[in-house]
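Based on the provided sequences and hints, a complete structural model is requested.
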Amino acid sequence: MSENQEVSQNRWGHLRKVLERPGPFSHPEFEPSSDILDFIMSTCKVLVIGAGGLGCELIKDLALMGFKQLHVIDMDIIELSNLNRQFLFRHKDIGLSKAEVAAAFINKKVKGCQVTPHYCKIQDYDETFYKQFHIVVCGLDSIVARRWINGMLISLLNYEDNALDQTSIIPMIDGGTEGFKGHARVILPGISACIDCTLDLYPPQVTYPLCTIANTPRLPEHCIEYVKIIQWPKENPWGIAIDGDDPQHITWIYEKSLERALQFNITGVTYRLVQGVVKNIIPAVASTNAVIAAVCATEVFKLATSCCVPLNNYLVFNDVDGIYTYTFESEKKDNCLACSLIPQNLPVEDPSKMKLKDLIELFCESTSYQMKSPGLTTYINGKNKTLYISTIKSIEERTRENLTKSLIELGLQNGSEILVTDLTSPNTLTVRLKFVNNHIET
Amino acid sequence: MSSPAPKSPDQSDKSKKYDRQLRLWGDHGQKLLESSKICLINATALGTEILKSLVLPGIGAFTIVDGDKVSEEDIGSNFFLDEAHIGMSRAQAATECLLELNPDVRGDYIDDSPDHVMSQTQDFFSSFNVVIATALPEKVVMPLSRQLWAAGIPLLVCRSIGFLGYVRLQIKEHTVIEAHPDNESPDLRLDQPWEALRTHLNQIDVSTLGTKERSHVPALTVLYYYLQRFKEKHNGSLPKARVEKDELRDMIRSSLPGDCDMLEESYEQAVKLVNVCVHATQVPSYIRTLLDDEKCTNLTVESPSFWVICAALREMVQSEGVLPVRGSLPDMAADTSSFIALQQLYIKQAQNQAESVYRRAMQISRTLGQSPDVKLFCKHASELYVLRGNCISDEYQNSCPNVSLHLEDPESLMFYYVILRGLERFISEYNTYPGQFDDQVEPDVLKLKTLIGKLLTEWGCPAAVISDDRVHEVCRYGGAELHSVSAVLAGCTAHEVIKLITHQYKPINNTFIYDAITSTSATFVL
Ligand SMILES: [Zn+2]
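From first to last, the protein sequence lines stand for chains A and B.
Everything in the first sequence is counted per the UniProt record's numbering, starting at 1 for the first residue and increasing by one.
Everything in the second sequence is counted per the UniProt record's numbering, starting at 1 for the first residue and increasing by one.
The hints are simulated quantities; they were obtained by calculation from the structure and are not laboratory data.
Honestly, I wouldn't trust all of these hints.
Unchecked claim - Below are the DSS-like pairs computed for lysine-lysine, each with C-alpha atoms no more than 25 Å apart in a straight line:
#1 K108(A) / K31(B)
#2 K212(B) / K181(A)
#3 K357(A) / K121(A)
#4 K383(A) / K357(A)
#5 K212(B) / K272(B)
#6 K14(B) / K92(A)
#7 K181(A) / K69(B)
#8 K92(A) / K16(B)
#9 K16(B) / K228(A)
#10 K16(B) / K31(B)
#11 K111(A) / K69(B)
#12 K383(A) / K405(A)
As structure tokens, this is what we get:
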């Protein structure tokens with residue numbers, strides 16, 4: 001044995017004890033052997049999504065749990081306000097890619113580790129990229145991105161004669177934090193509850209009614225929203241959209257909000273609050289991120305090695321009052337949009353009254369859809385027809401008039417299938433219309 | 001009206017860097033953090049990860065005490081040590097790497113064993129705000145815990161082994177003003193409005209309002225109006241039982257003309273407020289206990305300002321029967337001026353009461369000076385919290401009455417507490433971890449079982465309750481420290497330190513056990 005190998009044998013002595021010795025609580029398929037450490041070091045490919053508060057911790061945790069084939073994907077650049085917790089970044093790194101700086105740091109610090117950075121959006125890659133991984137772990141703050149990667153991993157599943165091919169499953173570990181609270185969950189796509197199965201766990205974002213903001217503001221937030229939604233587009237001081245990272249923009253909104261607050265005798269408009277509202281800032285601290293990322297990394301280790309049974313399947317964490325954890329099994333939804341194989345039926349009460357915009361609103365507002373800007377197409381008499389797509393300007397202009405037409409006027413029938421695309425999934429969703437009062441059918 | 005804030009306040013780099021955490025514990029919490037001095041004993045993976053989560057948010061300074069040299073196994077689990085450090089002082093190597101995380105933090109190290117430091121420099125550890133010990137053998141924990149107990153310095157003892165973790169907080173007394181409770185119900189005093197509020201609310205005869213005026217009136221005003229009508233009907237008593245609350249809700253609902261959707265918002269909100277806002281205002285029993293605490297009733301010249309203000313609060317409660325009003329009004333449907341007028345009444349009353357408590361506090365103790373805390377204190381009067389712990393040395397020497405009770409539950413993590421205590425005995429006796437050497441796993445299982453059996457007998461518990469599987473599992477680890485398990489514990493421990501320093505949020509009481517096998521945890525009072 002060469003001297004270098006010996007160092008490495010001792011270096012990973014901690015991991016070798018749990019991987020090369022039998023344990024009463026290990027997975028039934030666990031067979032202690034030195035091959036397992038070899039597998040996680042040379043073969044097992046793990047994708048870390050996000051190189052932020054959770055992502056930095058995840059890469060470090062995984063690297064020290066023996067994983068060497070790591071990839072990290074993040075489209076963001078480093079900001080000053082990241083430095084209180086994203087410990088792989090320094091002041092000199094501000095403005096650089098998070099994924100690239102994080103990967104370089106780990107590769108330098110943890111000998112033998114090969115982190116490959118991807119400075120881009122997750123949507124920039126297709127299934128040929130994602131299917132190379134054994135496990136995907138997410139440290140994201142966006143539900144849309146979580147749903148998208150969830151949809152991607154589901155689209156990689158192979159079914160043969162309705163039976164799921166187990167080798168096509170790429171487990172997804174998802175972590176999230178907000179202040180002193182967090183969660184970690186293990187998703188086996190096609191087998192256990194997925195992100196879309198439990199959409200109701202994510203509360204809708206707080207929004208204020210427009211009439212309150214415009215006419216009867218009571219809170220400092222109402223004043224800030226007024227400036228953001230009404231005053232900015234009207235006065236458009238720089239001729240561009242609000243950039244929450246531009247101090248000039250924030251200062252302008254702060255001053256105008258303060259004026260409005262004074263006018264209504266409302267107190268409490270501060271610069272910090274303005275930033276918080278404009279950028280929708282979620283408080284974050286190093287310790288909670290460390291906990292949640294480490295729980296996720298432990299689950300990656302369990303899944304990759306079978307040395308313990310993985311979390312089944314959801315853990316919530318809160319250390320506001322003492323330290324509290326709660327573990328439960330979230331349930332797979334039979335008619336889940338993303339992971340069930342059941343076609344989605346959409347009951348329609350009165351298709352002659354329901355307008356296309358009502359249908360789109362339903363896709364956005366309903367807890368089981370929660371879409372962002374759905375694009376709708378259908379087949380009428382075997383021919384493809386675009387109903388409405390907002391994301392492409394020319395098509396939006398051409399299809400805008402459809403919004404105020406009823407489903408009947410658009411030629412839709414009971415049983416018509418609508419193909420819906422949205423930011424929340426890489427897959428097209430097929431929704432079949434079910435006219436409840438079928439007498440209007442033409 | 002408050003004076004207008006300065007135009008375009010320049011945000012300092014520091015407040016930008018710490019923005020995401022300042023939204024949690026505020027500038028006042030940050031100030032305490034930045035003046036704190038933390039000591040870490042042993043720069044294990046667990047230890048350095050704890051310091052990492054303290055250096056990043058910006059503690060004042062840290063000192064690492066560790067007499068060990070960096071080993072190959074260290075670099076496999078500890079992010080702050082790498083191959084170049086092998087053979088170097090572990091304290092020094094870790095200190096240098098941790099300091100890179102945050103230029104605002106100072107750090108130094110002592111390359112010496114903690115027991116030697118303790119014997120050489122008396123009271124060395126008492127000069128810190130918090131002391132954290134990881135992988136410290138029982139024979140050193142004992143005198144350290146006694147010394148810090150006597151000095152009133154909080155001590156956290158942590159251990160990470162395989163998939164298991166242990167955090168024990170030793171603290172004599174810890175006071176919390178801002179507990180940040182999760183679901184706080186509003187403090188509105190509808191059952192006993194003070195004069196200004198009563199006058200204001202009585203001015204509005206909700207039943208005679210026109211359609212337009214009705215859409216402007218705050219939900220609270222609606223609720224108060226119908227509450228008065230209810231009380232008139234029921235000899236002045238508040239609705240208590242569910243049927244009575246239903247009756248009040250019906251009174252509010254039925255007052256609405258059926259044809260008008262526009263009005264429903266403030267009325268619907270009034271209906272919803274019945275459950276959280278209609279109750280007799282009381283001083284919560286835990287606050288009564290706190291105000292009757294000896295520390296509060298027998299002040300001395302050394303009494304900390306917390307207890308001086310408590311004593312002033314006690315006087316106020318004795319004369320008025322209630323705590324100061326919190327002074328905040330939840331948002332509710334209303335036009336701006338009606339809402340603001342109502343809100344101002346709550347703010348004003350909170351101010352008056354805080355001033356009254358401040359005056360009483362000044363009378364009690366002239367030395368209180370210009371304590372800025374009284375307003376904050378009054379605002380959070382219903383969340384005040386005192387934690388009194390016990391000394392680890394006492395716990396380790398005495399039998400633990402709580403243990404056997406928990407052991408009746410076969411799923412209880414108390415089993416791991418017992419095993420970890422056995423593990424500490426094993427380390428003291430044999431100077432290695434159970435299962436450290438591949439050929440000693442089985443013999444060590446027997447030795448560890450014997451030690452656990454002895455412990456249980458000392459505590460008067462049946463020895464048979466600890467399953468062989470669990471003992472086997474711990475011997476399988478052979479003292480291994482798994483980085484991701486340590487990182488979970490480290491995050492938790494660092495957060496407890498932040499709670500202790502900022503006096504915000506409630507710390508653990510007092511022993512936290514983490515089981516990464518099942519991803520569960522439990523907290524026990526021992
Ligand atoms: Zn699903």
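Against the structure, test the hints numbered earlier, and report the numbers of the ones violated in rising order.
1, 2, 3 and 7
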